[in-house]
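Enquirer: Guided by the hints, dock chain B onto chain A, whose structure is given.
Same order as they appear, the protein sequences are chains A and B. Counting in the numbering used here, the first sequence runs from 138 upward without gaps. Counting in the numbering used here, the second sequence runs from 2 upward without gaps.
Think of the hints as simulated: they come from the structure by calculation, not from any bench. Just so we're clear, the structure is a prediction, and the values are computed from it rather than from any experiment. Please note: incorrect hints may appear among the correct ones.
With a Cα cut of at most 27 angstroms, we get these calculated DSS-like pairs of lysine-lysine [claimed, not checked]:
{"hint": "1", "chain 1": "A", "residue 1": "K158", "chain 2": "B", "residue 2": "K152"}
{"hint": "2", "chain 1": "B", "residue 1": "K80", "chain 2": "B", "residue 2": "K121"}
{"hint": "3", "chain 1": "B", "residue 1": "K24", "chain 2": "A", "residue 2": "K144"}
Listed below are several chain B residues computed to face chain A (Cβ distance under 7 angstroms; list not exhaustive) [unchecked claim]:
{"hint": "4", "residue": "V15"}
{"hint": "5", "residue": "G88"}
{"hint": "6", "residue": "S92"}
{"hint": "7", "residue": "F101"}
{"hint": "8", "residue": "N103"}
{"hint": "9", "residue": "L106"}
{"hint": "10", "residue": "L111"}
{"hint": "11", "residue": "G112"}
{"hint": "12", "residue": "A153"}
{"hint": "13", "residue": "N154"}
Beta carbons are placed, not taken as given, at the ideal position from N, Cα and C, and that holds for glycine.
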Amino acid sequence: MSFESPKVEEEAKRLGVAILKPDGNHAEIIADNLTAY
Amino acid sequence: MVSFEKINNILNRVSLLQEENAKSFKITDEKFKETNEKFKETEQRFKETEQRFKETDERFKENVESFKAFKEENRRILKELSQNLGGIGNSNGDYAEEFFYNTLLKTKKLGHVKCDALEKNVRFSKKGIHDEFDLVMINGYSVALVETKYKANLEHLEKLTTKKPNSFRSLFP
Numbered sequence: 138m139s140f141e142s143p144k145v146e147e148e149a150k151r152l153g154v155a156i157l158k159p160d161g162n163h164a165e166i167i168a169d170n171l172t173a174y
Numbered sequence: 002m003v004s005f006e007k008i009n010n011i012l013n014r015v016s017l018l019q020e021e022n023a024k025s026f027k028i029t030d031e032k033f034k035e036t037n038e039k040f041k042e043t044e045q046r047f048k049e050t051e052q053r054f055k056e057t058d059e060r061f062k063e064n065v066e067s068f069k070a071f072k073e074e075n076r077r078i079l080k081e082l083s084q085n086l087g088g089i090g091n092s093n094g095d096y097a098e099e100f101f102y103n104t105l106l107k108t109k110k111l112g113h114v115k116c117d118a119l120e121k122n123v124r125f126s127k128k129g130i131h132d133e134f135d136l137v138m139i140n141g142y143s144v145a146l147v148e149t150k151y152k153a154n155l156e157h158l159e160k161l162t163t164k165k166p167n168s169f170r171s172l173f174p
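Isolated chain A, as found in the complex (with noise of 0.2 angstroms):
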């Protein structure tokens, strides 16, 4: 739901990892980048 620090959500965004966090009732899914391991 949050990250250890922002080096956490950075690297996130590096490996193509989609990142959910809550935003009031819904939640913010950043996945511009995915990557299929």
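Expert: Frame of chain A; chain B shown alone:
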């Protein structure tokens, strides 16, 4: 022949010596009494010291017992606190899972990827491999594994991009 006067002198000397002896005995006797008193005092002090030692020993035993009880109580409180914290942690985890499950269930979308089905708390065991996936999103072409963390760190990311996909592939080749 010994004269009467000489005998009288000897007797006088003997009498004088006896008096001196008697005085010496009296002094010695006094000293003995004093020494005896001192011995009694010393003995009394020994008894008092012994009594104090006993009391100290008793207090020490009581302190040891109190410390043991205190330690035991602390251990119990710590265990209880740890269980409560664990419960809070689990509740946070459950809440996070439920929140994202409901959100993704509404949209059934991860970025531009649409999914047909969404499952939560998916557990699998196969050939000695056991794993659990918080949320699994499936469509005809791909599978998205979603891990929910209250506070994500780099280790979680590493696990999500290595161990989790590998074990999913092993369980569903």
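Enquirer: Can you list which hints this structure breaks, lowest number first?
Expert: 2, 3, 4, 5, 6, 8, 9
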